[in-house]
Amino acid sequence: MPGLRFEHVWKLYGRQAPAVADLSLDIAEGEFLVLVGASGCGKTTSLRMLAGLERPSYGRIWMGGKDVTDIPPGRRDVSMVFQSYALYPNMTVYKNLAFGPRVRREPREHIRRRVEEVAEILGIGGLLDRHPGELSGGQRQRVALGRAMIREPSLFLMDEPLSNLDAALRVQMRAELIRLHKRLERTATVYVTHDQVEALTMGDRVAVLKDGSLLQVGTPAELYDAPATVYVATFIGSPAMNVIPGRLSIVGGRPRVACLGAEFEVPWPLRPGAAARDVLVGIRPDDLGPAARAPRGAVRIGGRTDVCEQTGIAIYATVNCPGAALVARLPRSPVPAANQPIEVAFDPRDVHLFDSRTQASIADRSHPALAGVASPAAAAPPGTTK
Amino acid sequence: MTAVGAAPEAAARRPAMPPANRASLRALSGQAIANVLLAIFGALFLLPMLWLVLASVDANASWSVEVPHLTAANFADALSGSNLQSIINSIVMSGVSTVIATICGALAAYALSRRRIPWKGPLLLAVLFLSGVPLAILVIPVFQMYSAIGWLSLLPCSLFLAVTSLPFEIYLIKNFIDAVPRDVEEAARMERAGTFQILTRVVGPLALPGIGAAAIYGFVTAWGSFLVPLVLITDPSQQPGSIAIFGFIGNAYVRYGDIAAFSLIYAVPILLLYALSARLFRGGFVLSGAVKG
Ligand SMILES: Nc1ncnc2c1ncn2[C@@H]1O[C@H](COP(=O)(O)OP(=O)(O)OP(=O)(O)O)[C@@H](O)[C@H]1O
Ligand SMILES: [Mg+2]
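Top line first, the protein sequences correspond to chains U and A. Yeah, the first sequence ends on 385 if you go by numbering that gives the first Met the number 0, and it's all consecutive. Yeah, the second sequence ends on 292 if you go by numbering that gives the first Met the number 0, and it's all consecutive.
Keep in mind that the hints are not guaranteed to be accurate.
[As the list claims (entries may be wrong)] If we take Cβ atoms under 7 Å as the criterion, some of the chain U residues that face chain A in the derived model are:
no., residue
1, F81
2, V306
3, Q309
[To be verified] What follows is a set of in silico ranges between Cβ atoms, one per label pair, in the way DEER data are often shown:
no., chain 1, residue 1, chain 2, residue 2, range
4, U, H7, A, P133, 32 to 42 Å
5, A, I116, U, Y57, 57 to 67 Å
6, A, D177, U, Q309, 48 to 58 Å
7, U, A324, A, P204, 52 to 62 Å
These are calculated hints, taken from the structure and not from any lab test. The beta carbon of each residue, even a glycine, is placed where N, CA and C say it ideally should be.
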């Protein structure tokens, strides 16, 4: 099959914990896959294995139906933006961009046109005669990006290519990258970021890594609506999901959850065999609003306001409830005063439940009642989710 | 704004400041003594140079420093026949030795810097210690080896000189290549550049100051070598300049003027190298901007 595949790939460095542990992942031809995770979770290592710069300790890597585990980087038709930029400091920006095509003996005139095109897109046309040492961090990063874009490979690897740009430029470059990706229909892109907003806006699918293991892979909507673990739930979405301890009990065959002094019935199906136990209840700040506007059947919780964060369209307020501090989304006005009593409410349908011991979701995503949300297990190849 | 406002204020407060710190008389006199001593030592080193210059243009030069009776005859002598040949021999010998040692040194340094080699640590240590082995120990066995295969001439001698400066050159260049970020090389590799292209277009230019320094080191040691060519070159017409100078003394009477003139000529390449290296190092070590941070 075309596309890429990690097949039970491990990467070990000495005796320390594995940098990448049992990674199995399929990436389709032309797909834009985003790898996210905290610092040190193995994103760069995974990319380097795709690039051929690092050899997996165990497992195989496939590209376009061929086992490329032992094929050197130059013969994989992959271009890469390094996290560190890795520009050639002895060459001007022009020569940096033209280095690859020159090495591959493309015609001079063609190279010049291509370099100018790419420089135009990236807004570095005026810098072509400078050396990397004479550029700002963001300019260097765009040169690094340009060096990868100059080619039309079958796989793009981008390691945090926008991390050093200002907010406006970043949004603009995101759009350019998506445009580039759309234009090269057969080219897959694996894009590393630790910015979950970037992950959700750019990826066809997003893979969340933690400590070298793949926790979940799915479309942005799947990750947002049906996080498989507490870690994914809190990592994806901003502000982070509220997670509070609760207790699941089965009353008359129906699951009920008690938390924060309130009790509610879970309106969606649980995994078969779910029994009474301690759970973690997840509520996104966007699903927690002022009680006054809540529909009937909403669960109400009283507390006192604490810090407020203005975002322009709404206010995210920390509400101190007995036993937990929750972040709730309030309308932008009136601005709540500090330490005022307030009642917030959420719809039980929006709640996420996780087993407090395994941290895994106990929602039954295969059930037709949750059909709007595809199962992450179904979207990914077998053995992907851990 | 605040800075502009602050300046007059500081000036106004000046009288209230404690007395300026001055060096004590004791420290000053110590400095004076040190300066005088340095001047004396400096003069001691300059004196032979001065003699060299004066004697080279003096028609009847002696061992003493005196006002010269100007002449160009010394230089004419120094550049005549076999003397000129010895300078050319020196250039060939040092040049060949430098080229061999620097190319081999750079390649070895690259391999030692980048490849995974078993026992690399001890190997490098061995390389470093080899550069300290006295030539006098090596030269006799090499003489026997060379005489057995009939190699007692200029080019094989250059080869041996190259070998002797190789360990230090490897060490020097390796330190520079170590400083070139691996990512930069990997980036080139991803572009399908081969090892040769990576060496000539990326790593080589970036390590150029180191390679240049190594080349200069190799040239200077070969240029000044005396014992090795003396032992390893049998044909007098192939002897380098260092031995020709020695020949001036061995003659029936010592021609000081010729020695001085020849020595000056013999020093010219070293001075040229000095100028060249100043230019080489002024460009500096251009690694800035390669990688983040
Ligand atoms: N060459 C190496 N030698 C030893 N350990 C390494 C090496 N490269 C990476 N590691 C380790 O492997 C783990 C994963 O590193 P990796 O660079 O893939 O992280 P990352 O997800 O890219 O992090 P970041 O977001 O900070 O770039 C880290 O714990 C790191 O210390
Ligand atoms: Mg990284």
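Hint-by-hint comparison with the structure:
The beta carbon of F81 of chain U comes within 5 Å of a beta carbon in chain A, closer than 7 Å, and the hint placing it at the interface holds. Of the supplied interface hints, the one on V306 of chain U is violated, with its beta-carbon coming no nearer than about 33 Å to a beta-carbon of chain A, more than 7 Å. With a least beta-carbon distance of about 30 Å to chain A, the hint placing Q309 of chain U at the interface is violated under the 7 Å criterion. For H7 of chain U and P133 of chain A, the hinted distance range of 32 to 42 Å is not satisfied, since their beta carbons lie about 58 Å from each other.
Look at I116 of chain A against Y57 of chain U: about 25 Å separates their beta carbons, and that is not inside 57 to 67 Å. Between D177 of chain A and Q309 of chain U the Cβ separation comes to about 51 Å, which falls inside the hinted range of 48 to 58 Å. In this structure the hint that A324 of chain U and P204 of chain A lie 52 to 62 Å apart at CB holds, the actual value being about 58 Å.
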